[in-house]
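Trainee: Starting from the known structure of chain A, fit chain B onto it as the hints suggest.
Those protein sequence lines, which keep their order, are chains A and B.
Count the first sequence with my numbering and you get residues 4 to 343, in order.
Count the second sequence with my numbering and you get residues 16 to 524, in order.
In case anyone wonders, no lab produced these hints; they're calculated from the structure.
Hints are all accurate, no fakes.
Derived CB-CB ranges, DEER-like: (1) B/A447 with A/L111: 26 to 36 Å; (2) A/V115 with B/A383: 20 to 30 Å; (3) B/E332 with A/Y121: 42 to 52 Å; (4) B/E456 with A/Y121: 25 to 35 Å; (5) A/M4 with B/S41: 21 to 31 Å; (6) B/P378 with A/P72: 17 to 27 Å; (7) B/P378 with A/V115: 32 to 42 Å; (8) A/Y121 with B/R461: 31 to 41 Å.
Note that the structure is predicted; figures quoted are calculated from it, not measured.
We treat Cβ as the ideally placed atom computed from N, Cα and C, and that holds for glycine.
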Amino acid sequence: MSLLKVTSPHAAGQNRVALVMRDVLFATVPGVLVLTGYFGPGTLVNIVFGGLIAVACEYAVTRWRGRDPMLAISDLSILVTSTLLCIALPPYAPWWLITIGVLTAVLLGKHVFGGLGYNPFNPAMVGYVVLLISFPVQMSAWAPPRGLAEVPGLSETFLHLFAPETIDAVTAATPLDLLRQNTGLLFDDLMSTSPELSGWGGIGWFEVNLAFLIGGLWLLYRRIFTWHAPVAMIMALAICALMGYDGGSSESGGSPLFHLFSGATMFAAFFIITDPVSSAVSNKGRLIFGALIGVVIYLIRALGNYPDAVAFAVLILNFCAPFIDHYTQPRVYGTGRPAS
Amino acid sequence: MRTIHDIHGGIHPPERKSLSRPGHLSDAPIPDELILPLRQHLGVPAKPIVNVGDSVKGGQVLAEAQGVMSVPVHAPTSGVVTAIELRPIAHASGLEDHCIVIKTDGLDQWLTLSGIGNWHEADAAALVERVRDAGIAGMGGAGFPTAVKLNPGPTREIETLLVNGTECEPYITADDTLMQCHAEELIVGAQILARIVSAKAILIGIEDNKPDAIRRVAAAIDASGADIELATFPTKYPSGGEKQIIEILTGQQVPSGGIPADIGLVCVNPGTAVAAKRAIIDGEPLTHRIVTLTGEALANPQNVVACLGTPITALLEHAKLVAEDQQRVIHGGPMMGFAVSNLAAPVTKITNCLLTPTAKELPLPEPAKPCIRCGHCAEACPASLLPQQLYWFARAKDQDQLAEHRLFDCIECGACAYVCPSQIPLVQYYRAAKGQIRDSEQEKQRSDNSRERFEARQARLEAEAAAREAKRAARKAAAQSKAAEEGEDPIQAAIERAKAKKAEQESAS
Chain A
4 MSLLKVTSPH AAGQNRVALV MRDVLFATVP GVLVLTGYFG PGTLVNIVFG GLIAVACEYA
64 VTRWRGRDPM LAISDLSILV TSTLLCIALP PYAPWWLITI GVLTAVLLGK HVFGGLGYNP
124 FNPAMVGYVV LLISFPVQMS AWAPPRGLAE VPGLSETFLH LFAPETIDAV TAATPLDLLR
184 QNTGLLFDDL MSTSPELSGW GGIGWFEVNL AFLIGGLWLL YRRIFTWHAP VAMIMALAIC
244 ALMGYDGGSS ESGGSPLFHL FSGATMFAAF FIITDPVSSA VSNKGRLIFG ALIGVVIYLI
304 RALGNYPDAV AFAVLILNFC APFIDHYTQP RVYGTGRPAS
Chain B
16 MRTIHDIHGG IHPPERKSLS RPGHLSDAPI PDELILPLRQ HLGVPAKPIV NVGDSVKGGQ
76 VLAEAQGVMS VPVHAPTSGV VTAIELRPIA HASGLEDHCI VIKTDGLDQW LTLSGIGNWH
136 EADAAALVER VRDAGIAGMG GAGFPTAVKL NPGPTREIET LLVNGTECEP YITADDTLMQ
196 CHAEELIVGA QILARIVSAK AILIGIEDNK PDAIRRVAAA IDASGADIEL ATFPTKYPSG
256 GEKQIIEILT GQQVPSGGIP ADIGLVCVNP GTAVAAKRAI IDGEPLTHRI VTLTGEALAN
316 PQNVVACLGT PITALLEHAK LVAEDQQRVI HGGPMMGFAV SNLAAPVTKI TNCLLTPTAK
376 ELPLPEPAKP CIRCGHCAEA CPASLLPQQL YWFARAKDQD QLAEHRLFDC IECGACAYVC
436 PSQIPLVQYY RAAKGQIRDS EQEKQRSDNS RERFEARQAR LEAEAAAREA KRAARKAAAQ
496 SKAAEEGEDP IQAAIERAKA KKAEQESAS
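Here chain A stands alone, though its shape is the one from the complex (with noise of 0.2 Å):
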């Protein structure tokens, strides 16, 4: 027998990284079912083409630097990283663009920082938004909702990764897009004259919306995150519409539902903001670190030129993240409280 010499605690939990890597993926799975029941499978096809390029690009970099590549791709956060990029990308995008997306996600948003954990602001908000501002046309090609086009079938769609003329380029505005471009309609005439806006958030957008809904619910059930950041985004964009809704002129910005069933917003409120490497730190921090991206999406979206804006209200705010950091700390045991 020899003793073995180790320090406290001896006891340890459960909870892995893999796990809670698990947990935001399995968590998509509703608000991919629903993207793809309404758009067809361009965004499945998205996100197993850019998983595969992502592992292959982790893995070639994690051997470059010397680190084992199996120890990090185990961990799963790489597949959240690039999933995440796969479903804010339009539906049907083509292989270069995915590829693209995700080599920057990748390696400009982490691995220059120095991997997993040390990349100050969101992987897949970097891939997103350098992909936005190089490529506009490919990136604002959202597909129309079944019902208003026809669905393509899912061998197409991986023929049309490396063949964009399988499937005819039919494209749609997505409701945030016409609401952005409307100059003299009143919102329900809007509403009413456009196919793509009825319902609450548009066709397929509302729903979209309440499955990644439902998907975070399930995650902060699970408590991969604390409820702080989502429910301040989502609070401080619905009072940011509430005050830029003035009942529907053809100026407003759009109804608080709208703005919360619409776009990027239960997506981004669970499953981007929630980031925890690249957020504020504290309960107290992550509130406000969640309302001022709530207010900035709403500022862009109202008064910006991109119809959503989800990505550069994040990047904006893990620029902040340390500094709400460094006047958020909470108050540690016996300090502040006098006695009494």
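Mentor: Using the frame of chain A, we list chain B on its own:
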């Protein structure tokens, strides 16, 4: 009914308390050799007053306290002192320390002991003296000299004596067993301690996972008729930390850097209260303690009363250790205990548990992965620290930020490391960082000292030079004024004196 407050954070690790069958207690055999470290407490080691070859009896003082922060060491049985030398002790450092070694004679002869009959009327100072003379140091794990705790100073008024029966560490059942088997003594001990510190109230706090102990203590309180409050509260680690139980039961927080007496509390372990009762009423010094022997590597886990100084190996044999090739023997509990590096080391006043887990039971840590700043550690931290930030700054050796984030308010409970999904040994980083900060403070102190010494020397030299200068100037002034008075040139006079001397010498030769 007392309001029970919640503390921030905390965790619920598997308790595994039933493994050691709390409530059952037997005596461990007296070993052939007892090894009694001179320092079993926090503070200055005791000073031996016996010599090698001396015969000693149970209860006899072997080493006396040196100063205030010290307690004496007594013989737990009769025998002969065979050595006073360096021996391995149970300490995280694995270092050796000075010990008195006794070869026991198996007769277990004791000195005649006598207590203070009427402690109700005895002087508090005399009672404290008794507690110190009995060698009592906190038996919950830190080993703080109890007599020091009982002297909170004239400026601090004590409202409540709090007996901390939480025992929140998994596996350990020593206090649970003590409260079940010696509830009556516990009550008397608490009353004595309350009398010493002039506490107006006595409060006993027990975590609700010890129903038998709660029942026994409640019955003992009823039987005694004493005005003692028993409070129970939900099980959560680390509720038994002194600061934590105080917040749970009073809603108050001990000020950072302060002591419980600052907010009118003195907090003791049940074992300490029982030891105080035995010291005052029975005149018995602290020579034995209850040790939980547990872990799945033991065929016969149990609680025993062991002589202080019993080698750990003897107790593990007694509980039938079936050791693995690589065995961990943990002194204390799984959350804050340390791994023993030599089984010849003895049981001391702070040994509440010896835990020998199998590798399956408490798996060794996996390789650490990167911190993803998930914040579970911050949710678990009972001090409301931000462990993920402390980790970051500890790795960067950023001492200013570590201070800013209040590293020294960390109680090293290990809750953060327990919940960490990346299996980062956070507590190790904090201990190392604390050590580095203490080192650099000492370094700064040293350099400040030498700078002050240098400056003092400079000042002294300058003062001496100035004094010499002043003296010379004074002499010169005196000479000049003399010349002016007598109309005589002092230089001319000196030359003439020299000439006269020379002429005298020449004439003499």
